[in-house]
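Enquirer: Residue numbers (the UniProt record's numbering), protein chains in the order written: chain F, 1 to 315; chain E, 1 to 315; chain H, 1 to 250; chain B, 1 to 250.
Among the hints, erroneous ones may be present.
[Said to hold, decoys possible] Partner residues are not named here, just some residues of chain F that face chain H (Cβ under 10 Å, in silico):
#1 W58
#2 L71
#3 A291
#4 G294
#5 D300
[What the hints assert, rightly or not] Derived DMTMM-like pairs (lysine to aspartate or glutamate); straight-line CA-CA distance at most 20 Å:
#6 F:K282 / B:D169
#7 E:K282 / H:D169
#8 E:K174 / B:D69
#9 F:K296 / H:D148
#10 E:K308 / B:E249
#11 F:K275 / B:D169
#12 E:K309 / B:E207
#13 E:K183 / B:E249
#14 E:K282 / H:D162
#15 E:K309 / B:E152
#16 E:K311 / B:E207
#17 F:K109 / F:D97
#18 F:K308 / H:E151
[As the list claims (entries may be wrong)] With beta-carbon atoms standing in for the labels, derived distance ranges:
#19 H:L73 / B:E64: 24 to 30 Å
#20 B:M248 / E:E160: 52 to 58 Å
#21 H:T120 / B:H230: 38 to 44 Å
#22 B:Y198 / F:A306: 54 to 60 Å
#23 F:E269 / H:K114: 54 to 60 Å
Just so you know, these hints were derived from the structure itself, not from any lab. Note that CB positions come from ideal geometry on N, CA and C, so glycine has one too.
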Amino acid sequence: MSEAELKSLEAAFEKKIADDVRIEPKDWMPEKYRKTHIRQISQHAHSEIVGMLPEGNWITRAPSLRRKVALLAKVQDEAGHGLYLYSACETLGISRDELLDQLHTGKAKYSSIFNYPTVTWADMGAIGWLVDGAAIINQVPLMNTSYGPYARAMVRVCKEESFHQRQGFEIMMKLAQGSPEQKEMAQDALNRWWWPSIMMFGPTDAESTHTEQSMKWKLKRKTNDELRQQFIDQTIPQAELIGLTVPDPDLKWNEERGHYDFGPIDWDEFWQVVKGHGPCNKERIGARVNAYEGGKWVRDGAMAHAAKKEKQEVA
Amino acid sequence: MSEAELKSLEAAFEKKIADDVRIEPKDWMPEKYRKTHIRQISQHAHSEIVGMLPEGNWITRAPSLRRKVALLAKVQDEAGHGLYLYSACETLGISRDELLDQLHTGKAKYSSIFNYPTVTWADMGAIGWLVDGAAIINQVPLMNTSYGPYARAMVRVCKEESFHQRQGFEIMMKLAQGSPEQKEMAQDALNRWWWPSIMMFGPTDAESTHTEQSMKWKLKRKTNDELRQQFIDQTIPQAELIGLTVPDPDLKWNEERGHYDFGPIDWDEFWQVVKGHGPCNKERIGARVNAYEGGKWVRDGAMAHAAKKEKQEVA
Amino acid sequence: MNKDLYNYILGVADNSLILGQRMGELCGHGPSLETDIACTNISLDLFGQVRSYFQYAADVSGDERTEDDIAFLRREREYKNVLLVEQPNTDFAYTIVRQFLFDVYHVLFLEELKKSSDETLQAIAVKSVKEAKYHERFSSDWVIRLGDGTEESHQKIQDAVDVLWTYTDELFHQTDSDIEMVKAGVAVDVTQLKESYYKKVNEILNEATIQIPESKWFQKGGKQGIHTEHLGYLLSDMQYMQRTYPGMEW
Amino acid sequence: MNKDLYNYILGVADNSLILGQRMGELCGHGPSLETDIACTNISLDLFGQVRSYFQYAADVSGDERTEDDIAFLRREREYKNVLLVEQPNTDFAYTIVRQFLFDVYHVLFLEELKKSSDETLQAIAVKSVKEAKYHERFSSDWVIRLGDGTEESHQKIQDAVDVLWTYTDELFHQTDSDIEMVKAGVAVDVTQLKESYYKKVNEILNEATIQIPESKWFQKGGKQGIHTEHLGYLLSDMQYMQRTYPGMEW
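From just these sequences and the hints, can you work out the full model?
Expert: As structure tokens, then:
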């Protein structure tokens, strides 16, 4: 391709972005756009898949049939999200096996929040309420992101996640209105999940990379700190409504800013977990690798069978 | 060896047996004596080892610390019995690995009773009371059997087993005197373990083989049916004492015989289990094989280490 | 209350309950995302059925008990599922063969239950049979693919069939309550399903190039509440919350 | 009651309780009869210690609670063992390395507890330290044999050390009750044991030709009752009988 051709393709691409026209898989795109999207979409897909594990941990022990059914449905939705997102990612010319390999070898990341253990049933509430709540704030803008397959996947994902978020909040509300043990369980879960949820928006803007580029491509619309503030402002009244207390002694409404002020975040913990040394990093990846390796004979068997069938049909 | 020499050895051996002199490993013995003893002692050893599994099944779920400690001690004793008995068997010129191989491949038998599942905690009582009770009746005469190492092992085994039997009875007594649920649990365990325990004495005399030879070598002193009757006569009053009912509508005291009459035994069930098709045959052997195969690297590692050390010492 | 009807409902529902629980264990650990979704879906369908059955049983009981009391607060000996469904997820072959051996039965059973004189059971059957047919398609399909796949997958399916086969006969046993309910036109006479069952199972296994076990020895006991040692551990997890926090709402 | 003393006793005893429970799982499944006996024996010793501690804690509580209430009827967040002892029996390497990493600590700890101003704890320590020394010999010996055994056994021990290492630092953390009890002369100041601990551990690992992990990242939380996901399942089995049949004698 000549320099001129390349320039013209780039210009057309830039114009589409500027005009809010979706980029589709068959369209030309800069290599960096492709790579950045593979990284972000796969990270998102991996988060859905790894995110099945902490909640999956309570399926066998859900306290009622109704809750068990709802939890199963939620985890199944997450698997579904993983599926759309891997598919969206594959449109960028990378196979699911390559993507899984990146996850299993630690080359690709997933949301750090899933490296915390689910210690009690109330964690099913806290995850739905806080973790899905934070995820939605991160994700809603992506329904209008520039890459078509990703944007369309996000429409479905966001719809389901806001259902999950309400479901999680309802679990917490029920506990908070229940017996003293249940209320204690709910408060304890909030205590443990609050700060990790706050950290889900990533490092402060000062330390965050890629932001400008991501803004242009609509992978991002607001900065980490803006989103974090939005989450806090939205969540505090919900906690108050059900009589739970956010574990932050510095938290208070700032009339002037029109926002809640909040205390300092423990970035050491954040980086420990991001770097692979959180409470469950090894278990989570271990569980995924075991499932994948343990399932190799199944995938091989199915492929061999398909090949036999194809041969029969050709013959 | 000349015919005359052989005759003389045989005569000396027969005289020892007749005079109640113990046969020791270094003594000459007929091949059939050796083989029969390997079969019986190893079967006995295997029974101890496989017998750890049904009781081991409740260690993690024992209802009190006291009971958990007692159960652990009991299962440990069984492992110890297995150890003496394998050692006694090894004096007859066969290795433990060969013996284990016979167990794992189904060539060697073990007591069929351990192919029933332990379904509730009360089964820990029923096994101690009935299964150890029956075992003692089978085994006490073996303290005077002709083969020295076996006889000596049995002295220790019998002493510990009568302790286990009392402990089992005490579990049952406690349950029978407890809440309605506990009493029901105890009765249910008696219902399930009664007939299998009765079958532990083997087929009726009419169908039993080897008896005459075994009598001579003091591997057996009474017939299966005599031992079975002794067990029943001994156990019925114990059941009555704690208010439990043996599940046999035909059971009644026969003044004339001075024994309890009892109903017909389901020999179809007996043979199904003996032939390997009982409720847990596959699980029991599977668990032993898994332990052995899974432990290969451990045994290999220890041997390699010992070899290194020996080499260092020589050098 | 009508004790036989109550017992009958529990006998039917416990199969879905325990199998649903087993399938739920796998969530996030399946051999592929697609099978993960399918297994979770099966679990979900089964628990949905369980809720319908136990809500009805709670009505029939005529006392205060709820669907959750029935699901979570019985003792080991009071669960009446067949031994087949409580067998562990040893590997995916065991999981899928267990599912297959149950699904073929389940479809035949529900087709008959649609004819029950009991309208509630009839309605549950109408809804459930659609789900069961989907499960049967899924599990049969995988048995065929893996049975007639690689040498390794063939062997694993064969091993699972050999072990689980011994639990199939119990599907066609009847308890006293079953017999009473058959007389009343409420229950399915499962003894009548046996022939169709083995015919269907054998067809699929043949297509899967799997050898039909010849053993005439079968296991039983589940319908009398005498279970394998696997069930106790399943129950201790399943009941944990209800036992630890009694009488609370969730 | 003296809440700090009560908490202190539980913190100490829970390590033995949970490790005893883990070792008890292995009964009949060990790599050889001799290791089976030894592991059962360790479990037995640990539960014996637990009984002494909890009987004392029951006294200290001043109410009706018994050793079994304390052992079996607490909630997930109320068990205060270190994360190390709840880690699963992944294979015999994990089992023996977990035991080793605990035993070295346990001996050092009990030697100090012998000097406690609390006579009951002192007496328990005197009896327990003999057992702990035996355990330490057993586990060290196996770590050395397998570390310096075959290539396979070396690798397995190395893997287990790498994973379990991250749980060692927590042994030397203190809770508020611990600090109060140290001031009172009752408790062992575990912070003082750290150096001797790593010295001893490193010696044995060196002899076992095992590489000492360099990671400076450690896990914690057990002493605050925030456990790994493994503990919940252990508890659901351990508590099953007491939860299912409340208030009964056994």
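Enquirer: Okay, which hints does this one fail, numbers in order?
Expert: As far as the earlier hints go, 10 and 20 are violated by this structure, in ascending order.
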